[in-house]
Each structure stands twice: as C-alpha cells, then as structure tokens.
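Undergrad: Residues per chain are reported as follows:
Number of protein chains: 2
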Amino acid sequence: MSTQDFFAANAERHLEEFLELLRIPSVSSDPAHIPDVARAGRWLADRLNAIGVPEVQLIDPDTHPVVEARWQVDPGKKTLLVYGHYDVQPVDPLALWISPPFEPTVRDGKIYARGAADMKSSMITFIQALEAIVAESGEPPLNLILLFEGEEESSGRVVTEYLTANPDRLACDAILNLDGAFPALDHPGFGVTLKGGMLVELHIKIGDTDMHSGKYGASVPNANQIMAKLAATFHTPDGAVAIAGFYDDVVPLSESDRAEIAASAAVMSPILEESGAFVEWGEPGYTAAERAGARPALDINGVWGGFTGEGAKTVTPAEAHMKLSCRMVPNQDGRRLYDLIVAHIEKHIPPGIKWEANYLGGAPAYSTPRDNWALQVAASTLADVYGVNPVFYRVGGSVPITIRFKDTLGVDTVTCGFTMPGSNIHAPNEWFRFEDYPKAQRTWVELLQAFGEA
Amino acid sequence: MSTQDFFAANAERHLEEFLELLRIPSVSSDPAHIPDVARAGRWLADRLNAIGVPEVQLIDPDTHPVVEARWQVDPGKKTLLVYGHYDVQPVDPLALWISPPFEPTVRDGKIYARGAADMKSSMITFIQALEAIVAESGEPPLNLILLFEGEEESSGRVVTEYLTANPDRLACDAILNLDGAFPALDHPGFGVTLKGGMLVELHIKIGDTDMHSGKYGASVPNANQIMAKLAATFHTPDGAVAIAGFYDDVVPLSESDRAEIAASAAVMSPILEESGAFVEWGEPGYTAAERAGARPALDINGVWGGFTGEGAKTVTPAEAHMKLSCRMVPNQDGRRLYDLIVAHIEKHIPPGIKWEANYLGGAPAYSTPRDNWALQVAASTLADVYGVNPVFYRVGGSVPITIRFKDTLGVDTVTCGFTMPGSNIHAPNEWFRFEDYPKAQRTWVELLQAFGEA
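Protein sequence lines correspond, in order, to chains A and B.
Each residue of the first sequence is one higher than the last, beginning at 1 in the numbering used here.
Each residue of the second sequence is one higher than the last, beginning at 1001 in the numbering used here.
Keep in mind the hints are simulated off the structure, nothing from the lab.
Hints are supplied without guarantee of correctness; some may be wrong.
EDC-like, lysine to aspartate or glutamate: derived pairs with alpha carbons at most 16 Å apart [claimed, not checked]: (1) K1205(B) <-> D407(A); (2) K205(A) <-> E1280(B); (3) K354(A) <-> E1055(B).
Calculated Cβ distances over 12 Å to all of chain B for the following chain A residues [stated by the list, open to error]: (4) E17; (5) A277; (6) S398.
Pulled from the structure, derived: some chain A residues nowhere near chain B, Cβ distances all over 10 Å [unchecked claim]: (7) S2; (8) G109; (9) L199; (10) V220; (11) P221; (12) N224; (13) M227; (14) I345; (15) V385.
Ideal placement from N, C-alpha and C gives every residue a C-beta, glycine not left out.
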C-alpha cells in the first residue's frame, strides 16, 4: 500500500493516537508528574514496537525514560539519528486555559492541549510516517536511531548521560531534531541557530520571620522592596542587560548574519502581532528579530514574596524569591554568566541582607553550519513539498541537546517541525492545526526518503 | 466571693474558654472563613449572656457580626464603651508555624495560636473580669457598652456602619480599647498614638498571555521586570519614601514628641532584637523608634508574577501583581496618598504597559490627648498593679476604629492590653504568656473599678 493510501486508511486511528498521547500530563519539571512522564515513555515504546521497529528499549524507565529505537537496515547505508521529546511544560497559570490542558479540545480547526505544538504532534506524526513507509516498503530507507527523551523541558539528565556513555552506539551521519517550528504560517523553514539557556533561583532574607508592617515596616528592610531594587538593576533603563560582562563573549553580528535575519524576518510575523505583547522592549541598536534570534537576554520568569493570597495581610515580608533565566548566544557560557550575576548581586544588595543564588543548570547555544549536507537535503525536500523556499531562521528558544550531540558525536543537527507561530508553546491554550497534521506526516515520509537517497 | 477567689476557683474553666475561642479560625479577610467569624461572634454573645449581661445582640450575625452588650446600672454613673475585635489575621506562611495556628499549643510557658496575642486573650480576660465583678458585686461599677467586632483585620465595615447609624445609642464618657500591648516585657504602657493605614493593589499587564521567554523575552517587556523597576522607585536609596508629596501633610515632630518617644524607647527592646530583622532600614534623620511610631511608611506586603511553582518554566510573564500599604501619621489622608501613588505610577511606568491600581480602603491615624481623664485613671491604675509607671508610647500599627469613635462620638479612646513585644502578631507562631493571663484578669477588674470611682 502506498504511504498516501496508508495515511488515508488510518487517519482516524492516527488522530486518536495523537489525542491519547496529549492526555498524558508528562510535565517533566514537576516531580509529582514523574509517573506520567514514565507512562508517556512506555506508550511511545509500545507504539514503536507495534509498527515493527526491531530494537526498542526504555532507558531509566521509572523516572524520565529515554525511548531508544534502532532499525539497522543496511550497514552500507547512512544512519540518521532522530531526536524528539515527549515531555511538556507546566500548565500554570491554569486559570487562563479555555479548556483543560490535558483534555485535548477542538476549536476553530485547532487541537488545544499542552504539548500539542511542543512537540507531541511532531513525534507522533513522525512515528506514523515511519509506520507508513514500513507498510509500503517493509523497512525504512536508511538506518535509524530514534532517541525520544522525557525531560527536555527540565534537566535533560537521562538522555545526556546516555549520550555521554554511548557515543559509539549513537554514531550517525546526520541528526534530525523534530522539535522545530515554521517561521511563519504555511511558510517552512529551519531553525538553524538556537540560543542556549541557563537557570538561576535567587532567595533573599531580611529577617527570621515575617513582621507586622505597622510595628516594623518603617524601620527594617522589606524583602520585596530589596528584591525589587535589586531586580531593577538587572537592565538599563533602555533595555540592555546591565550585568557587568554580560555581553563580553558575544560575537558581534556580521553583515551576512544581519542579512540572514532580515530575510527570515521578512516572512515572519512582527513580534508584537505574534506575541500578544502591547509594546516592544529590549536592547537598543538591534531589530526585534535580531534581539530575539541573536542577542542574549535575561528574563525574570517568576517572583514571589510576602502575602499573595486572598484579602489583605499587612506584613513586612522576611523573604522574597525569584526565578530568572538567561538566553545565550553562541560562545556564551552559563556558569560564567552565573558568576557575573552573583558578582552583580554582591555589588548591588544592601549590607546585612542574607541571600542565596543557585545555578540550576544550562546549556550553550548551537548553530547548524549552513552547508551541512542533511540541512541542504531537508531544505530541498521542504521546497518541493511546500512549493516555496524554506528560510533559515534563528530561534530564541533553547534545545540543549543539539550542542551535546555536536560535542559527543561530532555531528550537526537539522531541526525541523510543524509548530506554527502563535501556537502558545510554554503558555496557556497551546494549539496545533488539524490541517498541518497530514502535511507533517507526508513531509516526514519525503524527508526520510530523501535522506535515504542522499 | 471576692474577685480574687472567683478567679482562683474558675482558673481551669477560664483557660479552657480561651482555648475554645482560639480554636475558631476567625480570619476576617478570607471569605472562606466567614462562617468561622460568625461562629466566634455567637460564642462571645453566649459567654456574655451566661455571665448575666442584660442586653446582648449580634449585629449582622451571618457575616462578621458585631457583638453589642449593654449593662446600664445607673443613669447617674459614667458610661464606658469597651471595644475589641475577635477576628484574626491570616496564617500564611503556614509552613513556618511550629504548631497549627488554630490548635493552641503550650510551649515554654506560652500559648501558641493565631489570635493568642492579637487579641483574643484581651477579650476573654476582660469578659472573665466582668464575670468576677458580677460574682462579687452583682453588677459592674459603671454603665458598660461592649462592642466586639469581627473584621478589624479587614474592612471594619459592620462596626463602622453601626457606629455611624447609632451615635446616640453609643454615647459614652470614655472608650477603652482592649487591643493594646505592653511596650516592653513586664513594663506596662499605653499606645497613645496609632498610625493610620491604607491598602492598594496594583496589577501590571504587558500582553495578552504569558510568553515563551526564548521567543520573546529579548524583544518585549517582562511584567516582573516592569514591576521591579516601578517598585524600586517607591523609596530613595537611603530609605525615604520617594512618592512625590508623600510627606507633605506630616506634622514635624516637636521636641516634646521626640522626648516622649525617647522615653518609651528607653524601656522598649531595640527594634532589631524584637523584630528578628538582620539590619535597620528606613527614612534617614530619625531614630528607629521615631520611624516606627511617628513617621509614615510604605510597605510592599506582597508581590507575585510569572511562574512561582516547583521546577522551572521559562516564561516572559504577561502579568505582575503587588499588594502595598502605607502607614500614616496624624493629618495624612489615605485617599490623598492613593492619588499620589497613582500619579507616581503614571510618571514612572513605561509607555504601552497596562496597569490598574485599586484603593482597598484605609483609616487615618489617631492620637489620645495625653490629659484625657480616662487615660490618667488608667495610667494610675496600672502603676498601682505593676508597681512601675506606665509609659506612653506610639504604635506603628493601625486601629482605624479609634478615629471613627472620635469623629462620631466625640470621645477619645484609651488603648490598653497585655500583648508582649515579640509575640509574633500578624506572623507565624503568635503567642501569649501564661503568666500574663491572671494579671490581665486582675488589671481589668482594677481598671473597671477605678473608672467606676472616677
């Protein structure tokens, strides 16, 4: 049966599989969801076994398992390593979801669910594409190693350990990362440079206990106030990061960098339209697209301190807390930025205040060489399927595994996926379009066949 | 039976009554606790009926009832209005309580519970003192109006409405407010000047939804960042409030003001020792005691925005929130300060950011004239009971009803109570000392008898 006929005959079951996977709340950063993450891993392994992949195993099956699936068809053929992740971001703020995040709901031609765009759609359509190829040809057109992890949105520990311990077993000629997105609605493209990221938690303490603000508020520091004064020093008034040395390791943008960014920006939605933000903001001297794709940033992801419940409680809080993260461009190092942040805090926090900063991990940026063979093959395939030349664009988000692949296997990664701009990844009401579902299936088939022929 | 013998014979039951009252979680600012507040009101009314008060009624019995109890013994005698509140502050952060806040627990000669110090101990010992007098003499030594409210820690709505509607019914010669505290351990005193207070909530919004910090963090504002920059402008670097006009209506401290504050500070614990704060902070040019008692302040009681849960979520948050309050000295007005705060926000918030500030209410400061007859009688009584001259001190906290009494009834208030410094009112692990319990009972008896003879 041709792959086309196979997709047509199995459309309903394929969609049901997608919904099943979306219903598993595989939030990797929350320890309470470990059993759900493990369940999602088993679910994928079961699917891969069912379509006839000869070797399927779960690594670390009880926590955040990596699903490794291997199909060696011919030692003379190339080997493609396919990477994806089946875990998802947390759902807060839950109140802003129109339908529950783990009850996939159809509205306006879209499936709304946490993970619909990032990236359960990519993963399940790829598996279904492989199933269709097997139905048509009995086996894939080249050797495959699938590596699907369950903690991309948190530490990536299991896959990193497995990668480090098994460089020979994971040797390959190209890497396809399914965690990609279109730069514009219906316009294909490849995220060829990914920012790195690093996470810090900061805790401030001004005393042993919360205090009555009437008795003490006029005479002792307020932890929220100290945190605000400190956080206000993180950026200059015009939007640059004010941590001394923050930009030291950044390679200045070349003319060709700026041209590439301008070309992708020409097809992409303006930041404001896409994000829902009311105004632009950020480092001066760069376009919004340059900032988003090629300049580092520091974000205060969360702040809390004092009384935040219903009603009023007039305390002078003893503690205030912050989660912050930096997005890094190539050549920046998370540990070094952490040291700079610590030095900045030491310099700016008033004497006598206790504080603690913790480095929660990070990974550097990664850039795919524009002349990489697999990138060229993939670009040509997408041009055929979509009838338009895909653009090379830069991604503000981080996929730490790409740099780890490069360091460990010496192989570059091509990132490709069907998430559309504005699909609310990492935010409430994440969605994936119905119409992109069969296109994704078909593209994966064409891509695998093109890699096989290359 | 003498009052002394009566207390001795009923000590165990009296203590059990205190514990019963402490077990009722009468948190007035949380709508979920309205039934508990109403239950505490009924409990007090039942006690007052049981000891023979002729007229007891609950005003607004289903929400935050005011318990009014009247005992007219002789139209030729003076009338004392006794005020107290039986509601309590919220308990957050619950995790810092060593024993549950509504399960009174004895440790080291103290009873730990929310409301133990603020102010269920004062209220129940006063009722028991009245019971002892009735046991000895059949009736109180002067006419009494007891007015116990259930929402002092939130809006004070019911008692204010009742007061406004019934100035003739509440006409009196003196007002005794049981919501007082000792300025130092075992050293009696009267809080003669209370700060006023006002509450504001502030909400900031930079876009329609939380955003992926990798995609947008470098190019759009971050609500936490905007809030921090704004909050950092509320105070000057050296600790004064930087809201333009904030101090305009403040009457400068006179030499006698400063002398009175210094005298009370001489017996009071240093702020740092008492509060558990690591360092002092606040408006320059004033002692910590002057700031605490006689200078206005602005506190950020709560802040929250973005992802504050377990783990990591790299969002650029769309919203940030703040609860702030000002403590006001005599001659300041909450509405006017609110207008100044709004003007300050308008001036300092970047263009294009949506925000909303809400005035949640407030009450001006209040000062008891130092020559008030009831204050003089009370000071002389406490000097006798404790063998040491009570000090007149200023209170950073707010008891809005005092100014309302003055405005409506034209009568000044004497505030007296047995809460000791460091007893964690409005904070976790609030306590009241066992040894102060019989002393409070005896003092109320002496005080009532002294008022009766005056």
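Undergrad: All hints, please: hold or fail.
TA: Now for the hints, and whether the structure bears them out:
1. Of the pairs offered as hints, the one joining K1205(B) and D407(A) is violated, with about 41 Å between alpha carbons and a cut-off of 16 Å exceeded.
2. Restraint check for K205(A) and E1280(B): the C-alpha separation of about 13 Å stays at or below 16 Å, so the hint holds.
3. Taking the CA atoms of K354(A) and E1055(B), the gap is near 55 Å; set against the 16 Å cutoff, the hint is violated.
4. Every beta carbon of chain B lies more than 12 Å from that of E17(A), the smallest distance being close to 26 Å; the non-interface claim holds.
5. Its beta-carbon lying about 4 Å from the closest one in chain B, A277(A) breaks the requirement of being farther than 12 Å from that chain.
6. Not every Cβ of chain B is farther than 12 Å from the Cβ of S398(A); the closest lies at roughly 6 Å, contradicting the non-interface assignment.
7. For S2(A), the condition that its CB be more than 10 Å from all CB atoms of chain B holds, with the nearest at approximately 38 Å.
8. G109(A), annotated as away from the interface, keeps every beta carbon of chain B farther than 10 Å; the closest lies near 20 Å.
9. With a least beta-carbon separation of about 5 Å from chain B, L199(A) fails to lie farther than 10 Å from that chain, contradicting its non-interface assignment.
10. At roughly 4 Å, the least C-beta separation between V220(A) and chain B is not larger than 10 Å, which violates its mark as non-interface.
11. For P221(A), the shortest C-beta to C-beta distance to chain B comes to about 4 Å, within the 10 Å cut-off, and the non-interface label is violated.
12. The non-interface label for N224(A) is inconsistent with chain B: the shortest C-beta to C-beta separation is roughly 4 Å, within 10 Å.
13. Listed as outside the interface, M227(A) is inconsistent with that label: its C-beta sits roughly 7 Å from the nearest C-beta of chain B, within the 10 Å cut-off.
14. No beta-carbon of chain B comes within 10 Å of the beta-carbon of I345(A); the shortest separation is about 14 Å.
15. Distance check for V385(A) against chain B: the nearest CB is about 25 Å away, which clears 10 Å, and the non-interface claim stands.
Violation of the numbered hints given earlier is confined to hints 1, 3, 5, 6, 9, 10, 11, 12 and 13; the remaining hints are satisfied by the structure.
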